[in-house]
Amino acid sequence: MELYVTEISKYVIASMMLLYTITAFAAFRFRSREARTHIYATQIILMFMIQIACFVQILARTGKVVYLFFFAFQIVVFSAVIMLFYFIYPDGNRLIINNCCLLLMIGVIILTRLSYEKAVKQFVIVAISFLIGFFIPEMIFRFNFLKRFTWIYAAVGIAAMSVVLILGATINGSKLNYSIAGVSFQPSEFVKVLFLFFLAGALYKAEGIVDLFILSAVAAAHVIILVLSKDLGSALIFFMLYLALIYISTENIGYFIIGIAFAVLASAASYRLFSHIQKRVMAWQDPFKDIMGVGYQLSQSLFGISSGGLFGLGLYGGAPKSIPFVETDFIFSAIAEEMGIVFSVLMILICLSTFLLIMQEGYYINDKFYRMIICGIGISYIFQTFLTIGGGSKFIPLTGVTLPLISYGGSSVLVTIVMVMIVEGICMIGSDERYEEYLEERRYYERKKRRYERYEDDEY
Amino acid sequence: MKDTRTTNTRRRRVRSYPIIVLTSLYVILFAAMLGYITHYSLTHKKEFINNEHNTRQKILIKQNIRGKILSRDGDILAYSDKDENGKEVRVYPYSNEFAHVVGYANKGKVGIEAFSNYYLINTSLDLSQKVAYDTKGQKYPGDNVTTTLDVHLQEVAYSALSGRRGAVVVSDPKTGEILAMVSKPDFDPNTLEQEWDDLLKDTSPEAKLLNRATQGKYPPGSTFKIVTALGYLKEHPTDYMNYKFSCNGRFDYEGNTISCYHGERHGNVDLETSFAKSCNSSFANIGVGLKGETFDGVLNDLMFNQDLPLDFCRFAQSSSSYPKDGNPNSVMQLSIGQGKTSISPEHLNMITCAVANDGILMKPYVVSVVKSEDGKEVKKYEPEEYNRLMSSEEARILRSMMTQVVQKGTASKLKGLSYTAAGKTGSAEFNDEKESHAWFTGFAPADDPEICVTIIVEEAGSGGSYAVPIAKNVFDAYFGVE
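Line by line, the protein sequences give chains A and B.
Positions 0 to 459 (numbering that gives the first Met the number 0) are the ones given, in order, by the first sequence.
Positions 0 to 481 (numbering that gives the first Met the number 0) are the ones given, in order, by the second sequence.
The set of hints was computed from the structure by calculation and includes no laboratory data.
Note that the structure is a prediction, hence the values are computed from the model and not measured.
Using N, Cα and C, we set each Cβ at its ideal position, and we do this for glycine too.
It is possible that some hints are incorrect.
A few chain B residues that don't get close to chain A, going by computed Cβ distances all over 12 angstroms [what the hints assert, rightly or not]:
| # | residue |
| --- | --- |
| 1 | 34 |
| 2 | 42 |
| 3 | 200 |
| 4 | 253 |
| 5 | 262 |
| 6 | 320 |
| 7 | 372 |
| 8 | 380 |
| 9 | 468 |
| 10 | 471 |
With the C-beta cut set under 7 angstroms, the calculated list includes, among others, these residues of chain B facing chain A [what the hints assert, rightly or not]:
| # | residue |
| --- | --- |
| 11 | 25 |
| 12 | 32 |
| 13 | 55 |
Please work from the sequences and hints to get the whole structure.
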C-alpha cells in the first residue's frame with residue numbers, strides 16, 4: 000500500500016508540476032490582469048495539490064503524525080499570504096507571488112525530508128519574512144525619497160561588510176556571518192539590497208564619465224571586500240549586478256563587453272593567486288580524480304543528481320544526506336535525486352519564468368530608478384540560481400551560494416522575500432504610471448473630441 | 000500646445016534593449032544548463048552507481064537481492080542466497096570453472112559481476128509484483144543477466160587445459176559473442192573471502208586472480224606471423240604468390256641470425272608454405288624486406304598499443320612496434336613475434352575473428368540480455384560491428400593460408416576431421432631454460448567460420464603438440480563429434 004502511494008505520487012507530482020509550468024509560461028501570452036485571472040486560480044490549485052501529494056508521500060514513508068500539523072500550518076500560512084496579497088495589493092503581480100510561494104513550498108518539503116528541525120526553523124523565518132514583507136510594496140510606492148540616499152547605502156554596506164571581514168567567524172574558509180543574540184546573519188545578503196539601491200541611485204543621477212568612474216570605484220570596493228572575505232559567489236553576484244545595471248543605464252553594450260572581458264582577466268588572475276580557487280577549478284574539471292579530497296562535494300552532488308532518473312527515487316528513497324552542505328549549497332541535488340530530473344528541470348523553468356516576469360515588469364516601467372532596481376533584483380536572482388545549480392551539476396565551477404527561496408538559510412530567504420516585495424512595490428508604481436498614462440491619453444482624446452465637436456458646431 | 004506634449008510622452012515610451020539582451024542571455028544560459036544537466040545525469044547514471052564512493056549502492060543492496068548471472072542456455076552461473084545466519088551470500092554453482100569471466104562481487108567487483116553490477120542490484124519488477132514481495136516481507140529480486148557463455152564449451156576447454164597454466168578463448172566471429180573464456184590457475188569464488196589474504200600474498204607465477212585470457216601479456220611467437228604476413232600482403236597485394244625463399248634452418252642478416260624451430264630445414268618455400276610450416280627464417284627474411292610504415296600501419300590497424308574494445312573485463316594493452324632505429328635484429332625478432340612484442344589471448348582471438356569474418360571485427364561481448372525476474376526485457380546487447388581490420392581480400396588470403404597450416408603444416412592434428420579447421424600455431428620462447436608457450440589460434444569450418452578458438456598453454460612446448468589438441472576438443476564439442 001505504502002509502495003503504491005509513494006510510486007504513484009511521484010508521477011502525480013511531476014505531472015502537476017508540468018501543468019503549473021505550462022500555466023507559468025502561458026501567462027506571458029496574456030498581459031491584462033483580467034485575462035490572467037483563471038491562470039491564478041489554476042496555479043493556486045496546482046500548488047496546493049503538489050504540496051499535498053508531497054506530504055502524502057512523506058507521511059506514507061515516515062508515518063509521523065506530527066508532520067501533519069506542520070503541513071496544516073504551512074497550508075494556512077501560504078493561503079493567507081496569497082489571499083492577503085490579493086486583497087491588499089490588487090495591483091501587484093500575482094504570478095510572481097504564486098511562483099515564489101511554490102518555490103518556498105518545495106524548499107520546505109525537501110528540508111522536511113532532510114531535517115525536520117531545520118524545516119520548521121526555515122518555515123518560521125518564511126512566515127516572519129512575509130509579515131515584514133507585506134509593508135514593503137506600500138513603502139516602495141510611497142517613499143519616493145529612497146532614491147536620494149545613494150551614498151548612505153554604500154557607506155552602510157561597506158561598513159557592515161568590513162566589520163564582518165575583520166571580526167567575523169570563519170566558516171568553510173569563507174568569513175561569512177556574525178551572530179547577534181544567537182541568530183546568525185549573513186551581511187552580504189542584506190548588503191546586496193543596499194548595493195542595489197546605491198547603484199540604481201548613483202546611475203540615476205550620473206551624468207558623464209566622471210560620475211560613472213566614481214560609482215564604479217565604490218562598487219569595486221564592495222566586490223574587493225567580498226573577495227577578501229573569500230565569499231566568491233557573492234563577489235560574482237555583486238559584479239554581475241554592477242555590469243547589468245551599467246549596461247541598462249547607459250544602453251552601451253561596450254561597457255558590458257569590457258566588463259565581461261575584465262571579469263575573465265580577473266578570474267584568470269585570481270586563479271593564479273588563490274589556492275582555494277585553483278582547488279575549485281580542479282574539482283570542476285574532474286571531481287573524481289581526487290574524490291576523497293577536493294572533488295568530494297561535487298562528486299557526491301553528481302551522484303545524487305544522476306541517481307534519481309527521470310522521476311526520482313521518491314522522498315526518503317535516496318541518500319541526499321551523503322552530500323555535504325545539502326541543505327544550502329546542494330539542495331538542488333537532493334531535489335533531483337528524490338523528486339527526479341523532470342521535476343527539477345520544471346522547477347528551474349519556474350525560476351526562469353519568475354525572472355522573465357520580473358524583467359517584463361522592468362521593461363514596461365518608465366521611471367529609470369525603479370527600472371534599475373527591479374532589473375537588478377531579477378538579475379541577481381537568476382544569476383544566483385545559475386551559480387548554485389550550475390555549480391552543483393558541474394556546468395560551471397562551484398562558488399558556494401544558496402538557491403534563492405529553496406535553500407536553508409534565514410538571511411537568504413528573508414532578503415529574497417524582501418526583494419520580491421520590492422518588485423511588487425515597483426509593479427504598483429508601474430501600473431500607476433500606466434494608469435496616469437491612460438488617464439492622460441483619455442484626456443487627450445476627450446479634448447480632441449471636444450475640439451472636433453466644437454469645430455462641427457462652428458460649421459453648422 | 001498641451002496636446003503635442005502628451006503625444007511626445009507617448010512617443011518617448013522607453014524601449015530598453017539592454018533588458019531584452021540581458022534576459023535573452025540568461026534564457027540561453029539556462030537552456031544550455033538544463034540540456035547539460037539532463038544529458039549528463041541520465042548518461043552517467045550507471046557509471047555513478049558503480050562508483051565505490053557512492054553510498055546509494057547500499058540502498059539498492061538493502062532493498063534488492065542481487066540478480067542471477069545465467070549462461071546462454073539459462074544455467075545459473077551465479078546467484079544470491081541466504082546462509083544459515085541469514086546473511087546474503089553469493090553462490091557460484093560451477094565453482095572454479097567460470098571464476099575469471101564471471102568474476103566476483105564481494106571483494107571489490109570484477110568480470111561480469113562488475114560489468115553488469117548496475118542491473119544486478121537494480122530491479123525492474125512491476126509495481127504490483129513489488130507489492131507482492133513487500134507483503135511477504137521479502138526483498139525484491141534484482142534483474143538477471145544472461146550471458147553468451149556456453150557451459151558445455153567452457154567445461155570442455157576447462158578440462159582440456161587440465162593442470163596447465165594458460166587460457167582459452169572461444170568466440171563467434173560473426174557476432175562477437177564470447178562462448179567460453181577460461182584462465183588457469185583459478186580460484187573458487189565461493190570461498191574467495193576466506194582465501195583472499197593468501198591470494199593477495201601470492202607472488203609466485205601462479206597469480207590466480209589474473210584473468211590470463213584478457214590480462215595476460217604473452218610473446219605471440221609464430222602466431223604473430225599472421226601480422227607479418229598481412230604486412231607482406233599490403234606491400235605485395237598482387238604478386239605475393241611469387242615469393243620464394245630457400246630455408247636451410249637459419250637466416251643470417253647483417254651479422255644477426257634467426258633459426259627455425261629446433262633448427263629444422265624447410266627447403267624451398269613460398270609464402271603459403273612458409274606460413275604453414277611456420278618457417279622463422281623465411282619470415283625474418285620477409286620482415287627485413289618490409290617498410291617500417293607498413294609494419295606500424297598494420298600494428299595500428301590490428302589494435303596494438305591501444306585500448307581494446309572490451310568493456311566486460313579488465314584487459315592489458317598489447318604492445319608491439321617497429322624499432323625506431325630500424326635495428327635489423329629487432330626487426331627480425333618482431334617478424335616472428337619474439338622480442339618486445341606481447342599480446343593477450345583475447346586480442347589474438349579478436350584478430351583471428353576478423354580474419355574469419357572477412358576482415359570485419361565484431362565487438363566482443365559476453366552479456367546478451369538483461370531481464371527482470373518476471374521476464375521483462377530491460378536491456379539487450381546486439382552484435383555490433385567494431386571496425387574493419389583488413390580488406391576482405393586480405394582476410395580471404397589469410398584464411399586460405401591458415402587452412403594450409405592444418406592441411407600440410409604445424410596443426411595437422413586437426414586434419415581429416417568431419418569439419419575443416421584452419422589456424423596458426425605458435426611456440427613462443429621466452430626463456431632459454433624453460434619450455435616455450437604453446438599457442439593455437441584458429442577457426443572452423445574453414446570456408447564459413449562459425450567458431451573461433453585461441454589457446455595458450457604456458458611452458459608446455461610446441462603449439463602443434465600442446466595447444467592444437469585442446470582446440471580439437473573444443474571444435475569437437477562445438478560440432479558435436481565426441
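Hints and how they fare:
1. 34: Violated, since 10 angstroms does not exceed 12 angstroms.
2. 42: It is violated; residue 42/B is separated from chain A by about 9 angstroms at its closest Cβ, not greater than 12 angstroms.
3. 200: holds, 27 angstroms
4. 253: holds, 49 angstroms
5. 262: holds, 55 angstroms
6. 320: holds, 30 angstroms
7. 372: holds, 16 angstroms
8. 380: holds, 21 angstroms
9. 468: At about 48 angstroms from chain A, residue 468/B clears the 12 angstroms cut-off, so the statement holds.
10. 471: holds, 48 angstroms
11. 25: holds, 5 angstroms
12. 32: holds, 5 angstroms
13. 55: holds, 5 angstroms
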